[in-house]
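Heads up: the sequence lines are chains A and B, in that order.
Position in the first sequence counted from 1, then plus 49, gives you my numbering.
Position in the second sequence counted from 1, then plus 1, gives you my numbering.
Hint data in this document are derived by calculation from the structure and do not stem from the laboratory.
Don't be surprised by glycine CBs; every beta carbon is placed ideally from N, CA and C.
Cross-link-like lysine-lysine pairs, in silico, BS3-like; alpha carbons within 25 Å at most: (1) 38(B) to 90(A); (2) 72(B) to 38(B); (3) 69(A) to 104(A); (4) 100(B) to 69(A); (5) 90(A) to 6(B); (6) 100(B) to 91(A); (7) 104(A) to 100(B); (8) 113(A) to 100(B); (9) 38(B) to 55(B); (10) 72(B) to 6(B); (11) 57(B) to 38(B); (12) 69(B) to 38(B); (13) 90(A) to 72(B); (14) 91(A) to 113(A); (15) 100(B) to 90(A); (16) 91(A) to 38(B); (17) 115(A) to 100(B); (18) 104(A) to 115(A); (19) 91(A) to 72(B).
Which stretches of chain A does chain B cover? Using the computed rule of at least three CB atoms under 8 Å from a CB of chain B, they are: (20) 89-102; (21) 159-165.
Here are the in silico distance ranges between beta carbons for each label pair: (22) 132(A) to 30(B): 35 to 45 Å; (23) 58(B) to 136(A): 36 to 46 Å; (24) 82(B) to 101(A): 38 to 48 Å; (25) 16(B) to 117(A): 40 to 50 Å; (26) 56(A) to 99(B): 18 to 28 Å; (27) 65(A) to 13(B): 40 to 50 Å; (28) 60(B) to 102(A): 34 to 44 Å; (29) 106(A) to 30(B): 13 to 23 Å; (30) 47(B) to 165(A): 25 to 35 Å; (31) 57(A) to 29(B): 35 to 45 Å; (32) 62(B) to 131(A): 37 to 47 Å; (33) 58(A) to 13(B): 26 to 36 Å.
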Amino acid sequence: GAVVSQHPSRVICKSGTSVKIECRSLDFQATTMFWYRQFPKKSLMLMATSNEGSKATYEQGVEKDKFLINHASLTLSTLTVTSAHPEDSSFYICSALARTSGRRNEQFFGPGTRLTVL
Amino acid sequence: DQQVKQNSPSLSVQEGRISILNCDYTNSMFDYFLWYKKYPAEGPTFLISISSIKDKNEDGRFTVFLNKSAKHLSLHIVPSQPGDSAVYFCAAYTGTASKLTFGTGTRLQVTL
Numbered sequence: 050g051a052v053v054s055q056h057p058s059r060v061i062c063k064s065g066t067s068v069k070i071e072c073r074s075l076d077f078q079a080t081t082m083f084w085y086r087q088f089p090k091k092s093l094m095l096m097a098t099s100n101e102g103s104k105a106t107y108e109q110g111v112e113k114d115k116f117l118i119n120h121a122s123l124t125l126s127t128l129t130v131t132s133a134h135p136e137d138s139s140f141y142i143c144s145a146l147a148r149t150s151g152r153r154n155e156q157f158f159g160p161g162t163r164l165t166v167l
Numbered sequence: 002d003q004q005v006k007q008n009s010p011s012l013s014v015q016e017g018r019i020s021i022l023n024c025d026y027t028n029s030m031f032d033y034f035l036w037y038k039k040y041p042a043e044g045p046t047f048l049i050s051i052s053s054i055k056d057k058n059e060d061g062r063f064t065v066f067l068n069k070s071a072k073h074l075s076l077h078i079v080p081s082q083p084g085d086s087a088v089y090f091c092a093a094y095t096g097t098a099s100k101l102t103f104g105t106g107t108r109l110q111v112t113l
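Can you build the whole structure from these sequences, using the hints too?
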């Protein structure tokens with residue numbers, strides 16, 4: 050299957066700083082990428098849909114000024130958590146949409162990034 | 002508003018036996034369903050899917066059943082193996098939308 054990478058895999062930062070997480074599709078081009086957040090023992094919650102060359106679409110309740118998304122190329126989307134606070138600590142996962150033969154578009158997930166804000 | 006629910010947060014099954022994971026949904030517009038397997042600190046990996054025009058799809062040890070009238074799907078794993086121990090999420094698509102709605106997950110533990 051298609052490979053999606055995330056960097057960094059783990060980050061610890063101080064409250065008030067900004068953190069950037071990268072999501073790359075390694076062997077395919079993705080016009081659409083998604084950013085999810087997972088709280089401990091909870092479901093994956095879609096935060097936003099990132100489309101290459103246009104503004105991201107945020108889900109209800111997600112602060113777009115706090116979670117900045119940039120999809121500058123067909124293989125890279127970035128999520129920047131601005132002025133991070135301890136409540137932003139979570140597991141962030143991206144996925145990239147790829148067209149698979151005979152089926153609708155399929156999402157391939159990255160390995161996730163564990164963010165801890167002190 | 003949890004549109005996809007997995008009411009069993011955990012399940013323990015003996016190796017070799019059948020594991021049955023259940024999922025219920027409320028949105029009748031969902032027309033394509035998927036099961037994902039997830040290990041801690043990793044992203045989900047796709048297992049198996051089913052279109053709403055079918056009621057069963059099988060792939061090796063994994064079979065997914067869909068009951069549209071009951072808005073219920075289930076994943077059967079037989080025989081269960083220790084390596085199947087993970088959290089399983091069901092997810093659903095609506096029409097041409099590419100957005101996935103995930104269930105709450107079920108942690109499967111396969112014991113020796």
